[in-house]
Amino acid sequence: MSPIDREKAIVFDIQRFSIHDGPGIRTSVFLKGCPLSCEWCHNPEAQNKNPRLMYKNSLCRKCGLCISACEQGVHTFDASGNHIVNFDFCKISGQCIKTCCYEALSISGTWYSVDELLEEIKSDFPYFKIGNEGGVTFTGGEPMLWSEFIAAFAEIAKDISICIETSGYAPTKAFKDVLPKIDMFLFDWKITNKEKHVKYCGASNELILENLKFLHEQGANIILRLPIIPGVNDDDEHFLGIAKIMHDFNSIIAAEILPYHSIGKSKVEWFGLKNQKMFSVPTQDQKLFWLKRLKELGVKNILLT
Amino acid sequence: MNNFKVNNPRKNLNFEISFTNAYRNAIKNTTHPAELELACMRAQYPAIFHPIQDEDLIAGRIQMGLVGWGIQHQTGGFGFYINEQEVVKELEKGNGDAQYREDLHDILTFWKGRNTTTVVLNNTPESLKPWIFTDQWRHLPLPICPILRMAGAYLNFHKLVKIGLPGLEKEIKQFMENAEDRVLFESMLGALQLVKDCALFYAEQAQEQAVTASASRKSELNSISSALLAIRERAPQTMLEGLQLVWLYGIMTPAIEYGRLDEYIGDLYVHDVDNGIITEDQAIRYVESFFRLIDHLDCETDGRVIIGGYGRENTENADRFCPVAIEACRNVKEVLPQFTLRFNKDTPENVWRDSLRCIEEGRTYPLLYNDDVLVPGVMKAFDVSRELAETYVPLGCGEIEFDHHSIGSPNGSINTLKILELVMRGGYEPMTDWYIGPRNPKLSECKTYEEFLSYYKAALVEYIEKQAEFQVYEYDITGKIHPFMMVTMLYDGTLEKGKSIFNGGCAYLAGTLEFYGNVNAANSLAAIKKTIFEDKTIDAYELEDALTNNFVGSERIRKLLLDAPKYGNDDDYADSIFTNLHNFVSDTTKKQASRVGLKSYLSVTINNAQNTTLGRWVGATPDGRKAGTPMANANNPHPGTDRRGLTPMINSILKPRHDNHAGMVSNLRFTRENFTSARNKMHSLIENYFERGGAHAMITVIGKDDLKNALERPEEYKDLIIRVGGFSARFVDLNKDVQQEIFDRVTY
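One line per chain: the protein sequences are A and B, in this order.
The first sequence maps to residues 1 to 305 in the numbering used here.
The second sequence maps to residues 1 to 748 in the numbering used here.
Simulated from the structure, these hints should not be mistaken for lab results.
Check each hint, because a few of them may be wrong.
Said to hold, decoys possible - Just a sample of chain B residues kept apart from chain A, beta carbon distances all over 10 Å, derived:
| hint | residue |
| --- | --- |
| 1 | 29 |
| 2 | 112 |
| 3 | 207 |
| 4 | 372 |
| 5 | 425 |
| 6 | 555 |
| 7 | 667 |
| 8 | 684 |
What the hints assert, rightly or not - Here are the simulated lysine-lysine pairs, DSS-like style, with alpha carbons at most 27 Å apart:
| hint | chain 1 | residue 1 | chain 2 | residue 2 |
| --- | --- | --- | --- | --- |
| 9 | B | 626 | B | 704 |
| 10 | B | 718 | B | 704 |
| 11 | A | 277 | B | 626 |
| 12 | B | 718 | A | 287 |
| 13 | A | 265 | B | 704 |
Backbone N, C-alpha and C fix where the C-beta goes; we use that ideal spot for every residue, glycine too.
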């Protein structure tokens with residue numbers, strides 16, 4: 001793996017007016033690349049660090065101009081007139097993008113320097129000031145892969161509050177280096193059982209727990225993020241694990257349940273990814289049950305988003 | 001055409017026939033416009049009244065005829081009017097007997113040349129005829145179009161409720177003594193007598209209905225009857241009497257704006273509730289009934305009811321009334337009234353929160369107007385004192401006037417995108433293959449962007465000048481034909497001067513010009529500047545061809561145009577072009593007043609369906625827009641071009657000034673989920689928008705029904721973001737099955 005340029009990062013989305021990603025009104029900067037491969041990931045295209053072609057079938061008007069524009073033969077029509085995209089041939093030349101008037105084609109993943117990113121979010125400064133709570137939230141993917149970039153950004157954006165949404169799976173040193181500059185961590189706790197964590201996420205959770213402990217001991221502001229997926233971790237084993245964490249790391253501000261949703265499945269098609277496993281989407285009753293159960297187990301500051 | 005909401009609409013045109021005959025007789029006996037108007041009013045009221053319906057707590061339902069007397073098309077028609085198309089339809093049905101059909105032919109031919117719209121158009125001054133020759137904007141690709149009407153009458157209901165009909169009669173008699181035009185005053189007294197007669201008409205009807213009514217309904221009908229009888233004799237003393245008087249007077253004006261309700265009803269409300277005459281609940285129900293009656297007029301736009309703001313005589317009582325009105329707005333979930341809140345730093349917290357709560361529930365009302373930006377802005381734009389500025393009221397779709405003091409009827413519309421299309425082609429109109437307006441060198445003959453821009457500006461000036469001249473002409477000719485006595489009696493200064501409202505009586509006669517297409521024109525200018533003159537990636541001949549062919553075969557060009565800077569992304573390149581264009585047209589419009597003899601003449605960029613209907617006859621344009629498709633609405637970015645998201649979009653719409661125009665609409669759209677999950681943040685965002693100079697906001701909150709629309713018409717919902725923490729996508733981009741799934745799961 002080539003060294004990540006410390007002054008630049010690959011951004012695959014910038015979402016303004018984020019009201020669910022930290023305090024106040026924030027701008028979420030989505031950084032590409034993730035060391036994990038959680039089966040329920042709603043940004044599956046972000047697992048890979050590299051820029052990738054994105055094709056939205058619902059917007060395609062089948063004009064066929066992208067076909068002639070592409071030298072690699074990425075775009076074709078099949079016998080029934082459907083637009084087929086051979087993502088693996090794509091060399092990210094951007095030629096097809098230049099021909100599409102319907103926003104069906106784009107590249108996901110653009111290099112930004114810290115200065116370029118600051119310039120891009122200038123529009124949002126007035127909104128950060130509302131309630132003096134807002135700012136930037138780095139998310140992804142796993143933003144800690146770009147911890148040096150984040151630290152460099154914090155240097156030039158001294159007055160802006162920065163939050164990080166993280167899986168916690170990164171070298172502890174990275175957390176150490178970035179900690180003084182971060183106002184809040186939105187920290188995932190996915191599955192308590194180590195083996196299950198490997199099975200579903202592609203790596204164990206020991207390092208994640210260590211990092212959580214480290215942050216707690218250093219007095220970081222932490223909100224615990226709890227993706228709950230029916231049939232995977234909506235059981236007492238995990239809930240007890242959550243309760244233990246909230247008890248042991250008692251400075252964690254709150255826990256937020258993130259119920260599984262399947263909206264991300266559109267992205268499998270948009271990026272030509274391998275078919276994702278689908279889980280069942282919880283009902284409102286199920287969600288309320290989880291909330292109730294966690295409260296019963298002693299978790300005090302818990303929210304359902 | 002209005003579909004008045006009455007239980008049993010008339011099924012024949014007997015009223016229209018008798019109205020025509022009454023008019024015919026009247027013109028034999030008089031030439032005085034006031035006497036003629038009174039005769040028409042007598043022929044129309046109570047003939048067009050409909051029975052009190054079971055849900056009404058106030059009397060007065062109407063159905064304007066296909067022929068009759070009105071003040072603008074939403075009140076049946078303008079002046080003496082006929083809806084020819086509908087009368088012909090009735091003829092073609094073949095109903096009735098031979099006499100009836102003969103009479104229908106009679107009214108068609110009688111009104112052909114006599115209806116006010118035709119009279120006004122036919123007498124257009126010669127100098128204006130090449131520019132303004134038809135009002136058929138639905139059918140022709142027009143750069144400018146006159147609107148034949150007198151819109152925006154905001155009567156002094158505060159005065160009416162205070163002094164009542166007898167008080168008004170007394171005033172008229174006082175001024176009659178020294179009046180030049182005694183006949184006018186006598187006719188005004190006749191009109192007031194007619195109002196009293198109509199009060200008796202409905203009182204008797206209420207009593208008749210009471211005989212067979214249930215116990216609770218009987219009591220309501222008796223209250224209606226008592227109120228109607230009381231207002232014949234004296235000024236209103238209760239809230240019900242106040243509302244009843246205002247409503248009855250209003251439907252006979254005929255008026256469609258119901259003004260500062262908290263000011264003219266607040267005192268009576270407080271009196272009634274404090275003295276145990278009615279409970280707050282009953283007060284809410286009266287206001288609900290009042291609102292339902294406004295809605296029954298089905299006039300699409302207008303129907304304004306305003307609460308809050310500076311300049312109310314009785315702030316404390318008015319503020320006490322506000323929550324009652326907001327509650328009524330929450331409960332009466334109809335298109336009208338256009339419930340409006342004027343707010344400022346003194347607005348009580350509960351009024352503000354109740355209003356936002358109402359909006360959150362998906363009502364779109366109240367429309368929010370920021371006094372602290374608008375009052376200073378209005379002072380400058382209209383050149384008036386703070387005191388007068390504090391009486392500002394938005395009419396119809398948002399044009400600003402002064403309550404019962406000015407009329408700023410929007411009597412023209414201008415399509416700045418169409419004009420750009422013409423100027424690019426040297427005055428040639430490609431859709432119908434003719435030349436309109438000024439000739440100038442084509443875009444392909446211009447050496448610089450500035451040169452092209454100067455031709456565009458010159459054309460805009462000419463069109464604006466013509467509209468201003470037409471505005472004055474329309475007032476002049478209308479004033480000679482129609483005294484509109486009901487308006488005249490409740491406007492400032494008219495009785496003192498002894499002149500009817502449009503015949504020299506109005507204290508502050510103003511005009512407004514409706515602008516459409518500004519956003520697309522600005523985006524087009526930005527694209528021209530960038531691609532043709534700066535980057536030189538397109539040449540002007542290619543562009544002209546591409547536009548003529550609606551981009552078929554020229555997708556490369558279309559893509560370059562679409563990618564050029566667009567207003568709505570907090571990008572100064574495009575935003576400055578927009579604000580410069582807006583300032584140019586606003587300043588040009590403002591300058592016309594002194595030239596043509598109006599107190600003010602100002603631009604408005606407002607919200608109604610015209611951006612769609614006028615867009616139909618504009619071909620493909622340099623902003624990448626396809627031929628015939630809708631233009632952007634008011635101050636908002638063209639749908640889909642605000643690519644950077646909500647916060648840069650708000651930054652853009654905050655850039656235009658508010659001290660050189662008479663109204664600008666800004667729309668914001670959120671999902672209900674935004675509010676239910678983060679209410680405080682939403683309120684803070686809205687407050688921040690206004691603190692940073694936002695003048696106005698119409699906030700639509702999307703619920704489940706709208707999601708359904710988004711499934712069917714995604715091009716209208718490109719801005720809809722379904723938010724989940726850490727994820728986002730535009731709803732309309734998601735695959736249809738996912739959209740359906742989200743829709744199915746949505747609980748709000």
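Hint check:
1. 29: holds, 68 Å
2. 112: holds, 49 Å
3. 207: Residue 207/B is indeed farther than 10 Å from all Cβ atoms of chain A, at 54 Å.
4. 372: Given a closest Cβ separation of 18 Å, the condition holds.
5. 425: holds, 23 Å
6. 555: Since the minimum Cβ distance to chain A is about 5 Å, residue 555/B lies within 10 Å and the statement is violated.
7. 667: Fine: 16 Å to the nearest Cβ keeps residue 667/B off the interface.
8. 684: violated, 5 Å
9. 626/B to 704/B: Status violated; Cα separation ~30 Å.
10. 718/B to 704/B: Holds - the C-alpha atoms of residue 704/B and residue 718/B are around 16 Å apart, at most 27 Å.
11. 277/A to 626/B: violated, 41 Å
12. 718/B to 287/A: violated, 30 Å
13. 265/A to 704/B: holds, 22 Å
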